[in-house]
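K.L.:
Chain by chain, the residues run as shown.
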Amino acid sequence: MKKEPIIELSHVTKIYGEYEKSVIALNDVSLKIFPKEFIAVTGPSGSGKSTLLHCMGLLDRPTEGKIFIEGRDVSRISGKDIAVLRGKKIGFVFQSHNLIPRLTVIENVILPGLIAGRKRVELEKKAIELLREVGIEHRAKHRGAHLSGGEQQRVAIARALINDPIIVLADEPTGALDTESSKEIMDLLEEMNKNRGVTVVFVSHDPEIARYGRRRIELVDGSVTYDGVNR
Amino acid sequence: MSISRSFAWSEIKEHKLIYTVIILVIAFTMASFLLENAYINYMMQVVNETVKNVTADVIITNPDCDVRDLYGTETTMKNAGEIARLIEERFPGYKASVRVTAQATYGVGLANESADGCTLQGIDIHDDVMVESLKKKIVAGRFFRDDDPILRGHTPLYIKINAPGNLPDIVYGAGQRLLREDEPYPVIVGAAAAKVHPSIISVGKELDLYICASARGANYASIRVKIIGLYESGTPTIDAMIWFIPADSLREIKCYGKVKGRSWIIPGIGSFHGFNPIEVDRNMGDAVIVKVPPPSISIDPIGYSEEVKRRIQSIVPDLKVFSWHDLLVYGAGSMQDVVTILLWGSMGVTLLLCGAAIKYVMDSIIIRKMREIGSLKAFGARDRVIFKIFLYQGLFIGSLSGVLGILIAILVMKIVNWYGISMQFIAGTQLKIGFVVNWFTVAISIILPILLSIAAASIPAKKAAMLPPVEALRRGEISL
Ligand SMILES: Nc1ncnc2c1ncn2[C@@H]1O[C@H](COP(=O)(O)OP(=O)(O)O)[C@@H](O)[C@H]1O
Ligand SMILES: [Mg+2]
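The listed protein sequences derive, respectively, from chains A and B.
First residue of the first sequence: 1, per our numbering; consecutive thereafter.
First residue of the second sequence: 1, per our numbering; consecutive thereafter.
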């Protein structure tokens with residue numbers, strides 16, 4: 001399993017604000033993420049978990065340090081190319097308000113593909129396949145707004161996979177769900193990781209949920225305090 | 001459909017009420033701008049044609065004349081014919097005519113008909129620059145003919161008063177009594193004058209005219225005329241004022257020629273002569289009018305008019321040259337300029353307000369759709385894609401309102417033309433309302449709303465595009 005890392009963070013520091021008001025959200029974080037890993041990011045609220053995911057997901061640039069995606073130094077890539085790279089290589093699942101409510105389920109799923117400039121027909125075929133895998137194929141033509149929270153997250157997972165990303169980043173994917181649905185979603189992510197071999201990094205402050213991760217990264221005040229096998 | 005366009009479209013659908021209001025406001029603004037412009041253009045065309053009807057592209061007079069004199073009180077030019085010939089020689093394609101004019105009063109002494117005035121325009125019935133256009137405007141009776149009694153070979157009753165004062169009694173009605181055996185001069189009268197004085201003006205009727213035959217001084221002649229035709233220029237004011245008479249008749253009346261015989265001095269009043277033999281001198285007139293071939297491309301009619309004026313002035317440096325534009329400005333031009341500025345001003349203000357409304361609506365969309373924008377960015381949408389979502393909305397609003405504005409304007413013009421709506425004008429006459437569409441204003445009506453709404457949309461569009469994705473995503477997150 002240990003070959004070339006797909007994402008590498010090298011001495012990444014992220015500081016918000018300036019001078020005395022500044023907040024160190026990430027403090028000299030170095031880590032490598034390898035293919036097919038299933039990683040839980042844990043830590044108390046405000047410890048920098050979301051910031052870590054945003055940096056990994058190229059949504060934010062670190063104040064210091066370097067990020068490599070498949071060996072490429074991201075700091076050398078221009079803003080618009082970063083957007084394209086992000087769309088192709090990274091799938092996101094957010095906590096809530098994930099779907100665009102006026103679009104149908106299938107339209108939501110193919111959206112990242114359309115942004116990447118892929119053909120609609122091909123995307124729709126793929127979307128149906130993914131929706132079947134997440135078990136929500138029967139609601140493909142429904143509007144996003146009409147789905148329950150758990151169903152919405154299933155759709156979000158299908159959407160995250162539409163461009164065959166190298167990694168799926170999920171920030172508190174169960175944060176807005178009840179225990180039952182939370183389990184279902186985590187089972188689904190685990191299944192995707194096993195069957196499709198997609199790397200998953202998810203954030204949770206809930207130890208029950210965090211237990212799903214095979215590897216665990218713990219953050220406290222922006223620093224990595226644990227990085228290893230999840231027990 | 002691209003992502004930007006489909007997202008723009010769904011925003012438009014979601015905000016259809018407010019966008020419809022904005023579009024309608026812009027459309028009606030542009031429509032009224034177009035209509036008012038077209039109406040002013042039409043009015044200017046009427047004025048323009050009218051001005052050309054009594055004048056021409058260029059008028060040459062003695063240096064002591066001003067614009068007001070062009071309506072009948074020019075001072076005598078002894079060599080008018082030579083000047084006309086010179087101009088035709090020097091500028092091939094130009095046509096020059098000698099104009100003879102006078103001020104006349106009629107209806108004096110008639111029961112129940114107050115006296116009224118008119119400008120007598122002498123017209124060379126074969127070779128005048130405006131014979132053809134006048135012929136086309138005859139609405140009753142006919143144009144002049146060679147067998148009309150244009151010349152009599154003697155002067156009419158003619159009194160020269162040396163000082164300002166009351167006209168002596170002898171003038172009143174004198175023409176009728178003393179010239180009984182002379183046939184009346186033929187005249188063509190404006191249709192509006194006929195409506196104002198139906199009992200004395202109609203085809204076939206005869207009446208007396210008292211003519212002030214000199215511009216500076218007080219030479220009066222009394223003549224009898226017969227109305228052979230009525231014309232309608234399209235502008236009742238002109239029809240009420242301008243009468244046409246053969247130029248040679250007017251030369252005879254004004255004593256432009258060699259007069260053989262003597263006159264009598266009346267002590268304390270002036271001189272008096274009548275019935276002296278006269279041979280009219282075609283070289284004499286009151287003004288020379290020039291008709292100029294139209295420019296090959298008429299982008300700048302005013303510039304062309306001024307250019308023609310300069311050209312002609314160069315060969316008659318000692319005379320006064322009026323361009324068509326001078327006359328237009330005198331007639332209505334400055335009024336048009338002011339109205340046009342007001343039109344543009346009110347249109348501009350409304351458009352700016354609509355622009356502000358567009359910006360405000362889009363700002364609120366951005367705040368509400370922050371997370372959506374963040375998601376799109378997370379899915380790889382470039383800034384340009386987000387920018388275009390808002391730009392397309394602006395483009396849609398702008399082009400739809402522009403097109404709608406033009407359609408509304410066309411509709412109104414069609415309705416007005418269909419019903420032939422007219423406006424009450426002087427003395428119970430009607431002035432038809434018409435439109436002359438200027439392509440420039442049509443272009444403006446479509447381009448300006450588009451430019452404006454794109455400009456208004458680009459401010460929030462830029463803001464949305466520049467939004468850091470992380471910030472956009474953190475909005476609406478339940479907990480950090
Ligand atoms: N845009 C920002 N401006 C200032 N401080 C911020 C901003 N975003 C996050 N932070 C701060 O950075 C720290 C880490 O935040 P975050 O990564 O969201 O933590 P977590 O997801 O672990 O709760 C927190 O103290 C938070 O207040
Ligand atoms: Mg967080």
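Derived by calculation from the structure, the hints in this document are not laboratory data.
Bear in mind that the values here come from a model prediction, so they are computed numbers and not experimental data.
Glycine residues also receive a C-beta, built at the ideal position from the N, C-alpha and C atoms.
Please note that a few of the clues may not be correct.
[Unchecked claim] No farther apart than 20 Å at their CA atoms in a straight line, the calculated lysine to aspartate or glutamate pairs in the DMTMM-like style are these: (1) B:Lys95 - B:Asp127; (2) B:Lys135 - B:Asp116; (3) A:Lys80 - B:Glu471; (4) A:Lys21 - B:Asp66; (5) B:Lys226 - B:Asp116; (6) A:Lys126 - A:Asp178; (7) B:Lys462 - A:Glu184; (8) A:Lys80 - B:Asp383; (9) B:Lys95 - B:Glu232; (10) B:Lys462 - B:Asp337; (11) B:Lys291 - B:Glu279; (12) A:Lys89 - B:Asp66; (13) A:Lys125 - A:Glu137; (14) A:Lys194 - A:Glu184; (15) B:Lys95 - B:Asp124; (16) A:Lys88 - B:Asp383; (17) B:Lys320 - B:Asp66; (18) B:Lys226 - B:Asp281.
[Said to hold, decoys possible] Pair ranges (Cβ atoms, derived): (19) A:Pro44 - B:Leu17: 43 to 49 Å; (20) A:Val23 - B:Gly345: 34 to 40 Å; (21) A:Ile77 - B:Lys463: 20 to 26 Å; (22) A:Arg76 - B:Leu411: 56 to 62 Å; (23) B:Ile18 - A:Gly135: 47 to 53 Å; (24) A:Tyr16 - B:Ala443: 50 to 56 Å; (25) B:Arg5 - A:Lys125: 45 to 51 Å; (26) B:Ile367 - A:Glu137: 51 to 57 Å; (27) B:Gly345 - A:Arg61: 44 to 50 Å; (28) A:Ser30 - B:Lys463: 31 to 37 Å; (29) B:Ala443 - A:Lys119: 22 to 28 Å; (30) B:Ile367 - A:Arg76: 32 to 38 Å; (31) B:Lys16 - A:Ile77: 29 to 35 Å; (32) A:Val220 - B:Ile367: 32 to 38 Å.
K.L.:
Now tell me, hint by hint, if it's right for this structure.
P.N.:
Hint by hint, here is what the structure shows:
Among the hinted pairs, Lys95 (chain B) with Asp127 (chain B) is consistent with the structure: their alpha-carbon atoms are about 9 Å apart, no more than 20 Å. Distance check on the hinted pair: Lys135 (chain B) and Asp116 (chain B) sit about 25 Å apart at the alpha-carbon level, beyond 20 Å; violated. Proximity of Lys80 (chain A) to Glu471 (chain B) is assessed by CA-CA distance (about 18 Å); at most 20 Å being required, the pair is judged to hold. For a cut-off of 20 Å, the pair hint linking Lys21 (chain A) to Asp66 (chain B) is broken: about 80 Å separates their Cα positions.
For a cut-off of 20 Å, the pair hint linking Lys226 (chain B) to Asp116 (chain B) stands: about 17 Å separates their Cα positions. Restraint check for Lys126 (chain A) and Asp178 (chain A): the C-alpha separation of about 29 Å exceeds 20 Å, so the hint is violated. Simply put, Lys462 (chain B) and Glu184 (chain A) have alpha-carbon atoms about 41 Å apart, too far for the 20 Å limit, and the pair is violated. For the proposed pair Lys80 (chain A) and Asp383 (chain B), the alpha carbon gap of about 7 Å is at most 20 Å, so the pair holds.
For the hint linking Lys95 (chain B) to Glu232 (chain B), the alpha-carbon distance of about 24 Å lies beyond 20 Å, and the restraint is violated. Distance hint between Lys462 (chain B) and Asp337 (chain B) is unfulfilled; the C-alpha atoms sit about 39 Å from each other, more than 20 Å. Among the hinted pairs, Lys291 (chain B) with Glu279 (chain B) is inconsistent with the structure: their alpha-carbon atoms are about 28 Å apart, more than 20 Å. Restraint check: the Cα-Cα separation between Lys89 (chain A) and Asp66 (chain B) comes to about 84 Å, which exceeds 20 Å; the hinted pair is violated.
Taking the CA atoms of Lys125 (chain A) and Glu137 (chain A), the gap is about 12 Å. The hint holds against a cut of 20 Å. The suggested pairing of Lys194 (chain A) with Glu184 (chain A) holds, with an alpha-carbon distance near 15 Å, which does not exceed 20 Å. With a C-alpha separation of about 13 Å, the suggested pairing of Lys95 (chain B) with Asp124 (chain B) holds against the 20 Å cut-off. Distance restraint check for Lys88 (chain A) and Asp383 (chain B): the Cα-Cα separation of roughly 16 Å lies within the 20 Å cut-off, and the hinted pair is therefore satisfied.
With a C-alpha separation of about 8 Å, the suggested pairing of Lys320 (chain B) with Asp66 (chain B) holds against the 20 Å cut-off. For the suggested pair Lys226 (chain B) and Asp281 (chain B), the alpha carbons sit about 24 Å apart, so the restraint of at most 20 Å is broken. The hinted range of 43 to 49 Å is satisfied by Pro44 (chain A) and Leu17 (chain B), whose Cβ atoms lie roughly 47 Å apart. For the pair Val23 (chain A) and Gly345 (chain B), the supplied restraint of 34 to 40 Å is violated, since their beta-carbon distance comes to about 53 Å.
The hint said 20 to 26 Å for the Cβ distance between Ile77 (chain A) and Lys463 (chain B), and at roughly 24 Å that hint holds. Roughly 60 Å separates the CB atoms of Arg76 (chain A) and Leu411 (chain B), a value that falls within the hinted 56 to 62 Å. Taking 47 to 53 Å as the suggested C-beta distance range, the pair Ile18 (chain B) and Gly135 (chain A) does not conform, at roughly 41 Å. Restraint check, Tyr16 (chain A) to Ala443 (chain B): a C-beta distance of roughly 51 Å satisfies the suggested window 50 to 56 Å.
Taking the beta carbon of each, Arg5 (chain B) and Lys125 (chain A) are about 23 Å apart, not inside 45 to 51 Å as hinted. Look at Ile367 (chain B) against Glu137 (chain A): about 35 Å separates their beta carbons, and that is not inside 51 to 57 Å. Roughly 49 Å separates the CB atoms of Gly345 (chain B) and Arg61 (chain A), a value that falls within the hinted 44 to 50 Å. At about 36 Å, the CB distance of Ser30 (chain A) to Lys463 (chain B) agrees with the hint of 31 to 37 Å.
Checking the proposed 22 to 28 Å range against Ala443 (chain B) and Lys119 (chain A) shows it is violated: the Cβ atoms sit about 39 Å from each other. Against the hinted window of 32 to 38 Å, the Cβ-Cβ separation of Ile367 (chain B) and Arg76 (chain A) comes to about 34 Å, which satisfies the hint. In this structure the hint that Lys16 (chain B) and Ile77 (chain A) lie 29 to 35 Å apart at CB is violated, the actual value being about 40 Å. Our hint of 32 to 38 Å for Val220 (chain A) and Ile367 (chain B) holds, since their Cβ atoms are close to 34 Å apart.
Consistency note: the structure conflicts with the earlier hints numbered 2, 4, 6, 7, 9, 10, 11, 12, 18, 20, 23, 25, 26, 29, 31.
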